Structures are given as C-alpha cells and as structure tokens.
Amino acid sequence: MADIALNPATTVPARGTPLIRAIGLHKSFGATKALRGIDLDVNQGEVLAVMGPSGSGKSTLIHCLAGVLAPEEGQVVIGDTDVTALNADERARLRLERIGFVFQFGQLLPDLTALDNVALPLLMNGVGRRAATVRARKWLDRLDISDQATKVPGDMSGGQAQRVAIARALVTQPSVIFADEPTGSLDSVAGEKVLTAMLEAVRESNTTVVLITHDARTAAYADREVIVRDGMLSAASRGVAA
Amino acid sequence: MKPSAARLLLLNGAPAYRRLAEIVAGVALGVGMVLILLGGFLHMPDRDDRVAWRTYGGEEFARADSEAPLPVPTANTVLRLTQPDYFMGGTYTIVRVAAADDTAVTLPDGLALPAPGEYYASPAMAQLIEDHPSDQLGDRFGTPIGERGDELLQGPSDRVVLVGSDWEELAKTYPTQLEDAFPASGSKFNTGLYRTVLAIGAVAVLIPIVLLISIVSQLGASERRERFATVRLIGAGRRAIAGVSGFEMLIATLVGGVLGIGVAAAIRPAASTLELDGSTSFGADLTPPALWTAGAIIAVALLGGATAWWRTFRDDVGALGSSRERAEKKVTAWRSVMLLVGLAMLIGPMIAFRFDAAASEFYNVLMLGGFAITAFGIVVAGPWLTRLASRVLNRFASTAPTVVAAGRLSRHARATFRSVAGLVVAVFIVSLFAGVVSAIEDVVTPRDTPGRLSMDAVVGEVGSPEEVHAVTAAITELEGIEGIAVAYWPTDDQGLLVMTPEDARAIGAVDVPDAPAVSLDLFEMLAGGTDIARDPVTPPVATNSIDESAPSQVFVITDGTAEAKERARTAIETSTVPGRAPLTRADFAAAGTLSFTHELETMAYLGMAVAIGISALSLTVATVAAALDRKRTFALLRLGGMPAAHVRRVIAIEASMPLGATLAASAGLGFFVAWAMIETLGNDMSMTWPDARYWWAVVASVAITAAAVFGSFGLVRRSTEVTSTRFE
Ligand SMILES: Nc1ncnc2c1ncn2[C@@H]1O[C@H](COP(=O)(O)OP(=O)(O)OP(=O)(O)O)[C@@H](O)[C@H]1O
Ligand SMILES: [Mg+2]
Numbered sequence: 001m002a003d004i005a006l007n008p009a010t011t012v013p014a015r016g017t018p019l020i021r022a023i024g025l026h027k028s029f030g031a032t033k034a035l036r037g038i039d040l041d042v043n044q045g046e047v048l049a050v051m052g053p054s055g056s057g058k059s060t061l062i063h064c065l066a067g068v069l070a071p072e073e074g075q076v077v078i079g080d081t082d083v084t085a086l087n088a089d090e091r092a093r094l095r096l097e098r099i100g101f102v103f104q105f106g107q108l109l110p111d112l113t114a115l116d117n118v119a120l121p122l123l124m125n126g127v128g129r130r131a132a133t134v135r136a137r138k139w140l141d142r143l144d145i146s147d148q149a150t151k152v153p154g155d156m157s158g159g160q161a162q163r164v165a166i167a168r169a170l171v172t173q174p175s176v177i178f179a180d181e182p183t184g185s186l187d188s189v190a191g192e193k194v195l196t197a198m199l200e201a202v203r204e205s206n207t208t209v210v211l212i213t214h215d216a217r218t219a220a221y222a223d224r225e226v227i228v229r230d231g232m233l234s235a236a237s238r239g240v241a242a
Numbered sequence: 001m002k003p004s005a006a007r008l009l010l011l012n013g014a015p016a017y018r019r020l021a022e023i024v025a026g027v028a029l030g031v032g033m034v035l036i037l038l039g040g041f042l043h044m045p046d047r048d049d050r051v052a053w054r055t056y057g058g059e060e061f062a063r064a065d066s067e068a069p070l071p072v073p074t075a076n077t078v079l080r081l082t083q084p085d086y087f088m089g090g091t092y093t094i095v096r097v098a099a100a101d102d103t104a105v106t107l108p109d110g111l112a113l114p115a116p117g118e119y120y121a122s123p124a125m126a127q128l129i130e131d132h133p134s135d136q137l138g139d140r141f142g143t144p145i146g147e148r149g150d151e152l153l154q155g156p157s158d159r160v161v162l163v164g165s166d167w168e169e170l171a172k173t174y175p176t177q178l179e180d181a182f183p184a185s186g187s188k189f190n191t192g193l194y195r196t197v198l199a200i201g202a203v204a205v206l207i208p209i210v211l212l213i214s215i216v217s218q219l220g221a222s223e224r225r226e227r228f229a230t231v232r233l234i235g236a237g238r239r240a241i242a243g244v245s246g247f248e249m250l251i252a253t254l255v256g257g258v259l260g261i262g263v264a265a266a267i268r269p270a271a272s273t274l275e276l277d278g279s280t281s282f283g284a285d286l287t288p289p290a291l292w293t294a295g296a297i298i299a300v301a302l303l304g305g306a307t308a309w310w311r312t313f314r315d316d317v318g319a320l321g322s323s324r325e326r327a328e329k330k331v332t333a334w335r336s337v338m339l340l341v342g343l344a345m346l347i348g349p350m351i352a353f354r355f356d357a358a359a360s361e362f363y364n365v366l367m368l369g370g371f372a373i374t375a376f377g378i379v380v381a382g383p384w385l386t387r388l389a390s391r392v393l394n395r396f397a398s399t400a401p402t403v404v405a406a407g408r409l410s411r412h413a414r415a416t417f418r419s420v421a422g423l424v425v426a427v428f429i430v431s432l433f434a435g436v437v438s439a440i441e442d443v444v445t446p447r448d449t450p451g452r453l454s455m456d457a458v459v460g461e462v463g464s465p466e467e468v469h470a471v472t473a474a475i476t477e478l479e480g481i482e483g484i485a486v487a488y489w490p491t492d493d494q495g496l497l498v499m500t501p502e503d504a505r506a507i508g509a510v511d512v513p514d515a516p517a518v519s520l521d522l523f524e525m526l527a528g529g530t531d532i533a534r535d536p537v538t539p540p541v542a543t544n545s546i547d548e549s550a551p552s553q554v555f556v557i558t559d560g561t562a563e564a565k566e567r568a569r570t571a572i573e574t575s576t577v578p579g580r581a582p583l584t585r586a587d588f589a590a591a592g593t594l595s596f597t598h599e600l601e602t603m604a605y606l607g608m609a610v611a612i613g614i615s616a617l618s619l620t621v622a623t624v625a626a627a628l629d630r631k632r633t634f635a636l637l638r639l640g641g642m643p644a645a646h647v648r649r650v651i652a653i654e655a656s657m658p659l660g661a662t663l664a665a666s667a668g669l670g671f672f673v674a675w676a677m678i679e680t681l682g683n684d685m686s687m688t689w690p691d692a693r694y695w696w697a698v699v700a701s702v703a704i705t706a707a708a709v710f711g712s713f714g715l716v717r718r719s720t721e722v723t724s725t726r727f728e
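Chains as they are written, first to last, in our numbering: chain G, 1 to 242; chain B, 1 to 728.
Worth flagging that the hints you see were computed from the coordinates, not collected in a lab.
These numbers come from a predicted model, not from an experiment.
It is possible that some hints are incorrect.
Claimed, not checked - Cut-off 27 Å, straight-line C-alpha distance, at most; resulting in silico cross-link-like pairs (DSSO-like, lysine-lysine):
| hint | chain 1 | residue 1 | chain 2 | residue 2 |
| --- | --- | --- | --- | --- |
| 1 | B | Lys330 | G | Lys151 |
| 2 | B | Lys329 | G | Lys151 |
| 3 | G | Lys138 | G | Lys151 |
| 4 | B | Lys172 | B | Lys631 |
| 5 | B | Lys329 | B | Lys631 |
| 6 | B | Lys631 | G | Lys151 |
| 7 | G | Lys193 | G | Lys138 |
| 8 | G | Lys151 | G | Lys193 |
All chains should be modelled from the sequences, with the hints used to inform the complete structure.
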C-alpha cells in the first residue's frame, strides 16, 4: 500500500470532487438485510449527515464505507483505492492512515491518559514518541482540553472524553472522519459545544466527515443530509443530490 | 430471586466448563502435593520410632579403664553400640550387639539377634555390599545371614548393618549401651524441625492454589459480566451472585481434590525417592490416613469456595454492568514498607555483629523473622514494583504496543502481579537457599591444604601396639597403600599427640622441626578449614620421646583413590576392636550439617517446581482473562488499524513484563539475603555461583511464561476480531 501516504494533502482530490464512492452496497447479517443496495458519493471536504430510524442500517453503512465490514455486494472507493478489493490487513492499514472514528462513547482506551490516547494513532503510524506527544498536545489544545492531558477516560466527563476522542480521530489528519452519533450521550448544550469544536477543526483542515445523527439540529450543521430507511437511501435527502 | 434460579442463569455454556476444568486440574495438582506433604508430616514420628531400637535407650556404664567391673551377660540384657561409618563419601549406620546365648531380648521385628561374626544388612546396605569388592566393604562385618525388614528402617535408602559382636570386646568399647529391651519409641529429636518444614511446604502449595482460584473466579466474572449484570438488574443481590460463584468453585475444587488423590498416587513413587531426615521414604510414610485425606480435600474445597465468594463479592459487577471499566485502587510506595522492615531485620544484625558478636542468639531470631517478613513483603510490594516498572516502561516506550501495555500494567498492577506472585516468592526462596547452600558447600568440601591432614590419609583409633602391628600386616597385601604413620599418647601433660617427624610430614604437617619427636594438634589438622589466612595452622613442636607402648591413632596413607581408602578403612576396622570409625578429612567435613541443608534445598526446588506448574496455569488464565476483559480495547485498536501482530505484542508485554521485573528483583533479593545470612552466621563462608539446578529452574519459569502467553494467543485472536465487537 505504498500509494497511501500519511499526509493526505498529496493524494486528496480537490474540494467538490467525490472522495468516497459507494456503488450498490448489500450487507446482511444472517436473515437480516441491513443494507439493500446503497449508492452514495461523499465529496472531498464535505460534512454529510446520515439520518434514519433505529435499525435502518446507518452504522452498518459507515462500517462498510470504512472497511470495517466487507459488503457482500457492491464497491467502495476512497480516493483512488478500491476498499472492497483489499484484504483485512490492507483495510486495517487504510483505516490507520486515512480514516478517523468517533463513536457515542467508550472509544478511548481506559488505561491510557488523554495524551497517550491521542498520541496512539501516531505511534501506530510510526511517528516517534516525542513527536507524537507534541502533536497530541497541540490537538488537545485545539479542542480546549489540555487540562485533561494526564487524566484517564474514567476520570473525565462525557463531553471531555468526546473531545479527546475527536482529537484522537483528527491527530493523524485523516481524509475522512466517520462519526456515529458522537454527541448521542451528551446533553444538548455539551453536545453542541463538542460538535462545533469538531466541525471547526475539520473545516479548517478540509477533512471529509460522515456523521450519523438522530438529531435534526445536529444534522443542520452538515452540508448535506441523507436518510437511510430499511437499508436503502430515502428520496427525502437534503442538499446536493448523490 | 431464588439461588437456584440464579444458578440456572449462570451455570451453563462451554467457557464455564473450560474454566472449571482449569480449576479442577490446578487443584488436583496442588492437592496431590498437599497430600504427599501431609502424609510426610503425619508419619514423621513413625520414622523416628522405627529407628529407636538402634538410636535410643539403654544405660551407659563404667569403662574398662575404671575400677568398676564390666557388665556380665544375662538372659535379659544386651549390649548395643551404634556408630556411623563411611563408604565412598557416604555414610551408613553400623549397630553392634552382643548378648548371652540364651538371651530373651529380641529386636522389635521379633527376629533373633545375630551371633558374633554374623550380620544382617538392610536391603540398601546389602546392595551396596554386593556391588563392591569385599576387601573394600563386606569384610568389615563378617558373614551375612539375611536382610532386615522395613519396620527397623527409616526408609528404603536407610543403610544399616546389624553386626553380632563378642560381649567382652563390646563391653570395653565406648559408648556402648546396656539395654534390657530395644525401645520402640523414639525421642523425635529431628521430627519437629522436619514437620515444620513440611507444614510450611503444604501451606506454600496452598498459596498458588488460592491465587489460581482467585484469578479464575475473576475470569469467570469477566466472561459472564453481561449475565451477572442482567441477573443483578432482575433483582439478585450481590450475595446471591457471590454465592453462586462460591458454590460453583466449591464443587470444582472438591472434584479437583478427589482427583488429587490420583495425582498423589502418581507422584508418590517420585516423591519417595527424595531424602528426608537422611533417608528416602516408604510410600506408606507419604500417605495420609483416609480421614486426614478427606479432611484435607474438604478444607481445600472450603478454601476454594470462600476465595471465589470473596472475589466475586468484592469485584461486584453491579446492575449496570461495567460500561466504565473499574480502575484498581492506586498502589503506593507504602507497600514497600514491609519489605524494607524485613531487609532491615536482615541487615541490622549484620552490622551489629561486627561490633558485638556475643549477642548472636538474638540476631538469629531477628534474621529468621526478617526472612519471613521479607518473603511476605515481596508479595505486598509486588504490585507497587510492577507499577514502578511499568511507569519506567511507559516513559521509554516508543511503539504503540508498549504504550498500551504500560498503561494497562500501571493501572492494574495488583491483578497483574497476582498472576505471578506465587512464582516470584518461590524464586526468592530458592535463590536464598541456592545462595546459602553454595556457600556451605564451598566450606565443607575440603581441598588439600598445607598443614592440614593429607586428603589421602585414613585415620583410625588403636588401643595397643598389637593392633598397630595387625593394621600394618593387613595393609601390606593391599593395592594402593603407600604407608602407615602412628601417633602416640603424650608422655608429658601437654595433651597433644606425638609422632616422629617423618610420620608427621607423611600425613601432611608442615614446618616440622628436626627432633626425636614432635607434638602436633591432630584435631586442628583434621577439622581446620581450607583458608589458612583465616584459620591458621599451629606448627608442630619438638618434644623428647615417644612411648611406643601407647599408640593412639594410625594413619594409613593411600594413593588417593576411593577404592584404596576403603581398603585401608576395612583393614583398620578388621584389625582393631570396634571403636569410632576410621575416617578421612573429607568424611569428617561431610558429617556436618550439609545433608540437612541439601534436603532443604531439594524441598525448595520442589516447591518451586510446584509453584511453576501452578503459576503457569494462573498465568494462562490471567492472560486470557485480561484479554477477554479488554475485548473492546483490542477491537478498538484493530479498528484504528493496529495489525493483529501488534495486539499480540501488547498481550506478550503485559504477561512477561511483571514477571521479568519482579522475578529479577526477587532473585536479587534472595541472593542478597543469602549473602547477609552468610556474613552474619558463617565465619569462613563466602558466596559462590548456584548450581545448574538453579539456572534450570529459572529457565523453566521463563519458558512456562512464554508457553502461557503463546497458548492464550489463539483464544485472544478469536475474541478480538474487529467484527466481533460492535461499535456504536
Ligand atoms: N453484527 C450484527 N449481527 C447481526 N445483526 C446485525 C449486526 N449489526 C447490525 N445488525 C442488524 O442490522 C440492522 C442494521 O443495524 P445498524 O446497527 O446498522 O442500525 P442503525 O441504523 O445504526 O441503528 P441505530 O440508530 O439504532 O444505531 C439491524 O436490524 C441490526 O439488528
Ligand atoms: Mg447505529
């Protein structure tokens, strides 16, 4: 995978062209058909909101897009890489170098300090400890949580932990961030603060975001919004058509 | 909720069976050992009783040189003289008896006494006699008339000859005893000491069992976290859950305990070959009675149940499960206090001893206490040491696996250390023993030293010029004999024996003055150490004359081969009246405390072997438990793109680092304490490298760790696939 560089600037297409392209995705779990033919383009630098009822397949969709799950049918291309053609190790590599994740909660390693949690993806990418720590500190600063640097997740508030998670997702400057209800566990005030902090950071670095949310107010922050129903994209999506 | 309902909810599924199978195996192994040790403990007095006939009782009487008349043989009396004798660097017991022809006294096994010139041998002794030329050993005793049974022996390796002697001759010998019966009950002089050691061993085996049970209970709790939480949510109390866990463990340990009887039977043949109080053991001596066996098994089962109950009770999952992983209470430097106190108790006397050697009794007690406290202190300080080491690791970590592992270790130092605690304590004790024994061995193995008795000389007692002639005649025919020297009683009051200067030189004396005769300190030549600087030689002093009618000792000088020494010994024994056995300087040195320390050392190694076995189980279980506990963490790492190989590396570091750090510390401490003890107690001892067994034990513990870690990888791989955990 020599064509994937840590610095996305060299491989990322210009803003407005599709960075992620999904064609005809099908994914089922036993008898449950979670995805039933999804076509979706996500443009470079775009913030895309994914909405839909519970159990409709939103999480499954982003897992397929990110190469966590392999769809039975269809194709996912990120940049010029055909994700569905990669084996498990290559997909791991892709995630490591180009993708960041933010979940509702519990995504930080409980035994590591905030600083180490944020530095970890850099270490995995082969960055030295010292350089990784410096960069991690910078990101904690940017998300306004440098005072949490030496705390472990168990000793932080939910909002603080989410900011650390966002810092960790962003620290490698990935091309895409997949966020699955990142503010779902927070009250509306804290949720909004976390969200604006994240969006500010991604807009600045022109990072693409796929954001799952149940909350229309959150979705309003996005450039575009798609709705998933029964494993398919609904016609009622907002913004630039796919 | 009824306990039966809770049981139904909790006791099913394959992992439960695998987990319980591990407990059954570990407990069976441990109980097998405990039963052997318990058998040894209970039968220790029996061993003593079986040798009472040759060891105790009787009355001493006035000797030939006094005015009192010698005892005369009657139908109700017997004379007995029990003495150690030497052969090829080992010892055996020679028991001489003399009785009237019509004596009514019999041995405890009912057999008649041997007539003069005849002898019985124990099976081990008979074998030894058969295996060697008679001029080296068999000729010492006369005509064999059979073997004596087990009821007169301490154990199968007990080497005893029972020789019939002439009443007149034996009556003249010191320290013959006059008895009217052979006692059937011993004084249990050594019994207490050995029982203490065996009891400590049994308790020491229990410690890793309890650790294993505790770790497996924890594994059970983490495997069933969701189920426990659900059951709690439905309304089961904390006690109900702990009760289920305790009950489950009670049954498992009970099954393991019963299987332990089989394990004991399987290891008993090997265990009975180990020397205890100078002899190997009969199988029956290592078998506790049925009631005791049952009691031990039930006790272990109760201990198991209670341990599991307590662990589950303390690690209560709570009705909300554990969405936030519980962190351990922080371990602090206070944990090292006990260790420091123990060390102070060991080092204090060492310093004090330099100024006031008189109070050494008190120091010994202090040091023994210090030893126990240090051993316990290691267990207490272990988590803190683990945490300290992991912080150092974290500071210098530069790769993701190391950072993850160091973070885990520093926050879960107790749980991590618990899985290796048994092994760490075993290593401490074994290092200590290895250190002390190496030092003692170094002292008691004499080398040819100028001024000391030649290593090639065999020295025996003589009572008359006739005996000297007899010895001289007996050795002329023999192969490998180079000469004979004689020492005589002094003619003045000086007390030291006298010799000709030539003879004195022949037996190894240096700086011998040219004079008609010299007097010299033969005891110092025989017993002195090998380090002349610390333990100087007193040179011989010129005297006037020798009284040839009063010989005291003969020295037969050999070519140094073991065979020649034994021939010389046999010649002296057959040419003189029974007395103290002829010996070499090496024999004299070996008769010290060495065998006991060796036995202790062997037991320490055995204990270590058990600790290694059970620690291997605990370590595997703990590694798997830690991995299961952190299924989510590992899946997160995989999600973030960490290759599977790096996840395995995290697990390997987490399992091996605590062992590495604390093992090195405990081995170091063990040798340090050994050094401290030697400095305090042993006047001319010095530490040397421990023997190969020690290094094998260390290698084995490292190998076992590796096996435990690699063995758990398979399971860990399955449970940490990205797709096995859902992320929301
Ligand atoms: N690992 C799995 N095994 C079995 N079924 C699954 C699995 N993952 C998802 N499903 C099923 O696939 C369907 C889609 O699930 P998914 O998690 O994508 O929904 P979602 O839209 O994210 O819902 P929510 O808003 O509640 O998070 C559901 O019916 C779910 O039960
Ligand atoms: Mg979802």
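Unsatisfied constraints (hint numbers, rising):
4
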